[in-house]
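**Q** Model the placement of chain B on the given structure of chain A, informed by the hints.
Chains as they are written, first to last, in my numbering: chain A, 1175 to 1416; chain B, 729 to 969.
One or more of the hints may lead you astray.
[Stated by the list, open to error] Straight-line Cα separation of at most 25 Å, SDA-like style, residue types lysine to any residue; simulated pairs:
id, chain 1, residue 1, chain 2, residue 2
1, A, K1197, A, E1177
2, B, K802, A, G1336
3, A, K1303, B, F751
4, B, K884, A, S1308
5, B, K740, A, S1300
6, A, K1395, A, D1366
7, A, K1303, B, K884
8, A, K1303, B, P746
9, A, K1280, A, S1295
10, B, K884, A, L1263
11, A, K1280, B, L831
12, B, K778, B, L762
13, A, K1233, A, G1387
14, B, K915, B, F905
15, A, K1200, A, D1366
16, A, K1303, B, D745
17, B, K884, B, I962
18, A, K1280, B, E741
19, A, K1237, B, P816
20, B, K740, A, S1264
21, A, K1281, B, L828
22, A, K1382, A, I1234
23, A, K1301, B, L732
24, A, K1301, B, S748
25, B, K884, B, S736
26, A, K1303, B, L828
27, B, K965, A, E1256
28, A, K1200, A, L1249
29, A, K1200, B, P816
30, A, K1303, A, Q1255
31, B, K884, A, Q1255
32, B, K802, B, D821
33, A, K1303, A, I1348
34, B, K802, A, T1306
35, B, K884, B, L809
36, B, K915, B, F899
No lab work stands behind these hints, which were simulated from the structure alone. Please read these numbers as outputs of a predicted model, since none were measured by experiment.
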Amino acid sequence: MIELNGITKAFGERVVVNHLSLKINKGEFFALLGANGAGKTTTIKMMNGLQLPTSGDIKIDGKSIYSNLQDAKQLMNISPQETAIAPNLSVKENLEFIAKIYGCDKKEAATRACEMMKQFSLTDRSKSKAKTLSGGLQRRLSIAMAMISKPQIAFLDEPTLGLDVRARRDLWNILLGLKGQMTIILTTHYLDEVEELADRVGIMNHGKLCALGNTIELKEKYNKRSLEEVFLFVTEEMEVFV
Amino acid sequence: MSSLNFASRNQKEILRDPLSLVFGFGLPLVLLFLFSIMQQNMPYELFQIKQLAPGIIVFGFSFLTLFSGMLLGKDRGSSLLMRLFASPLGARDYLIGYLLPMLPIALLQIVVCFIASSFLGLTLDANSIVALIVLLLISVLFISFGLLFGTLFTDKQVGGIFALFVNITAFLSGIWFSLDLIGGTFKTICYLLPFVHAVDAAQSAFSGNHQDIWASLLVVIGYTVVIMGIAIMIFRKRIHS
Chain A
1175 MIELNGITKA
1185 FGERVVVNHL
1195 SLKINKGEFF
1205 ALLGANGAGK
1215 TTTIKMMNGL
1225 QLPTSGDIKI
1235 DGKSIYSNLQ
1245 DAKQLMNISP
1255 QETAIAPNLS
1265 VKENLEFIAK
1275 IYGCDKKEAA
1285 TRACEMMKQF
1295 SLTDRSKSKA
1305 KTLSGGLQRR
1315 LSIAMAMISK
1325 PQIAFLDEPT
1335 LGLDVRARRD
1345 LWNILLGLKG
1355 QMTIILTTHY
1365 LDEVEELADR
1375 VGIMNHGKLC
1385 ALGNTIELKE
1395 KYNKRSLEEV
1405 FLFVTEEMEV
1415 FV
Chain B
729 MSSLNFASRN
739 QKEILRDPLS
749 LVFGFGLPLV
759 LLFLFSIMQQ
769 NMPYELFQIK
779 QLAPGIIVFG
789 FSFLTLFSGM
799 LLGKDRGSSL
809 LMRLFASPLG
819 ARDYLIGYLL
829 PMLPIALLQI
839 VVCFIASSFL
849 GLTLDANSIV
859 ALIVLLLISV
869 LFISFGLLFG
879 TLFTDKQVGG
889 IFALFVNITA
899 FLSGIWFSLD
909 LIGGTFKTIC
919 YLLPFVHAVD
929 AAQSAFSGNH
939 QDIWASLLVV
949 IGYTVVIMGI
959 AIMIFRKRIH
969 S
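Extracted from the complex, chain A is given alone in its bound form (with noise of 0.2 Å):
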């Protein structure tokens, strides 16, 4: 389970997040929304490690990360909302890379690396240099470059921005494959996304969090047809949830 414990983040003067306290379940699939600059990618960074929290905590199964970082980033891992990949290096090579680095050996990051490209369906261009895939297949890799390390919780940070819609939904099949198996924190603006995809979804604005619940139940405390709805409701309101 991840713990956020009012934690803050302030630049200067300004408070991007302003005492966030959430708890996030093991395995479970979580999406995190919020309107440009509400502080969803902060929370992100803080939560993998990227940044640290001007105040509060952050645990996972009860151990604040920040006793140790290096431990705790071994267990996390994240796909960033550009692709992140080598572009030079082949699709087996990236993959390989990035477990290699998680502390695998040669041969485990191979057998890895082969199971990753048949999950993602990207074993046909295995040799293919990263730089000549399309943009769907990229983003393909480097989420499957998020998912090699087996890591606990996988960030998936707008996983499908710019694709087109059979890419979009190429890519929920595989990431409707991966739910139960790894605690997922997805952030997207794509809402029908977070229908298909999410357990339970988080709003925020102004760097707090505005609304929490599963859509169905966000639906109906808010007597909303749809999340869309929903999420106009309470960004515009700046309800505090927590």
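**A** Frame of chain A, contents of chain B only:
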């Protein structure tokens, strides 16, 4: 071990960019042959191979600045470095990862220029081994400049800065002409910078004047430590920013 895996990735990224390599290895060779031909038609000895070869090799190292700067700048510009910052890699792994793959490239540059120079009349002897070691140490200075540029600027900006850097390396190092010909403030400025010291150290090593190597080499090492130190400091700051 992670640092070696990272170094291996970085080396592949550089070596699989053929255009950079053509310039990095090809241009010093072209210049070597060009100036040797010019020397044959000159009435006085300006570009003796024993003086010219170490200068050209040091000049060729400026491409290491380009390679390392572009790679780091590109990684910073894409989200790859963010992915790596979120991984268990530590600051030491980044330093080794970016520095180590450059050394075999530097070694290859030296050996290629040695072989080419031998065809142009340079005698390869025990002094050449000393020169090779001195040149490898000098190469770290140029890699450090690249890491500093890559830490501060994007890959596109590094390309522009390289154009300036390569000219500074060429004209303020005494490679193409003796600084005594100009003297004065120009010479003083040149000797405040590390490039002329790098060329002096390499030339002394080639000539077998071992006692003269250290004074110049210490300046180069001093600059290397400072430039590398600043690059590491800024890079560490970027990891946490």
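**Q** Look at each hint and say if it fits the structure.
**A** Status of each hint after checking the structure:
no.	hint	in the structure
1	A:K1197 / A:E1177	5 Å, holds
2	B:K802 / A:G1336	21 Å, holds
3	A:K1303 / B:F751	23 Å, holds
4	B:K884 / A:S1308	23 Å, holds
5	B:K740 / A:S1300	16 Å, holds
6	A:K1395 / A:D1366	19 Å, holds
7	A:K1303 / B:K884	22 Å, holds
8	A:K1303 / B:P746	14 Å, holds
9	A:K1280 / A:S1295	22 Å, holds
10	B:K884 / A:L1263	21 Å, holds
11	A:K1280 / B:L831	24 Å, holds
12	B:K778 / B:L762	15 Å, holds
13	A:K1233 / A:G1387	21 Å, holds
14	B:K915 / B:F905	12 Å, holds
15	A:K1200 / A:D1366	23 Å, holds
16	A:K1303 / B:D745	12 Å, holds
17	B:K884 / B:I962	19 Å, holds
18	A:K1280 / B:E741	19 Å, holds
19	A:K1237 / B:P816	17 Å, holds
20	B:K740 / A:S1264	10 Å, holds
21	A:K1281 / B:L828	24 Å, holds
22	A:K1382 / A:I1234	21 Å, holds
23	A:K1301 / B:L732	22 Å, holds
24	A:K1301 / B:S748	23 Å, holds
25	B:K884 / B:S736	24 Å, holds
26	A:K1303 / B:L828	23 Å, holds
27	B:K965 / A:E1256	22 Å, holds
28	A:K1200 / A:L1249	12 Å, holds
29	A:K1200 / B:P816	21 Å, holds
30	A:K1303 / A:Q1255	21 Å, holds
31	B:K884 / A:Q1255	21 Å, holds
32	B:K802 / B:D821	18 Å, holds
33	A:K1303 / A:I1348	22 Å, holds
34	B:K802 / A:T1306	17 Å, holds
35	B:K884 / B:L809	17 Å, holds
36	B:K915 / B:F899	11 Å, holds
Checked against the numbered hints given earlier, the structure satisfies every one of them.
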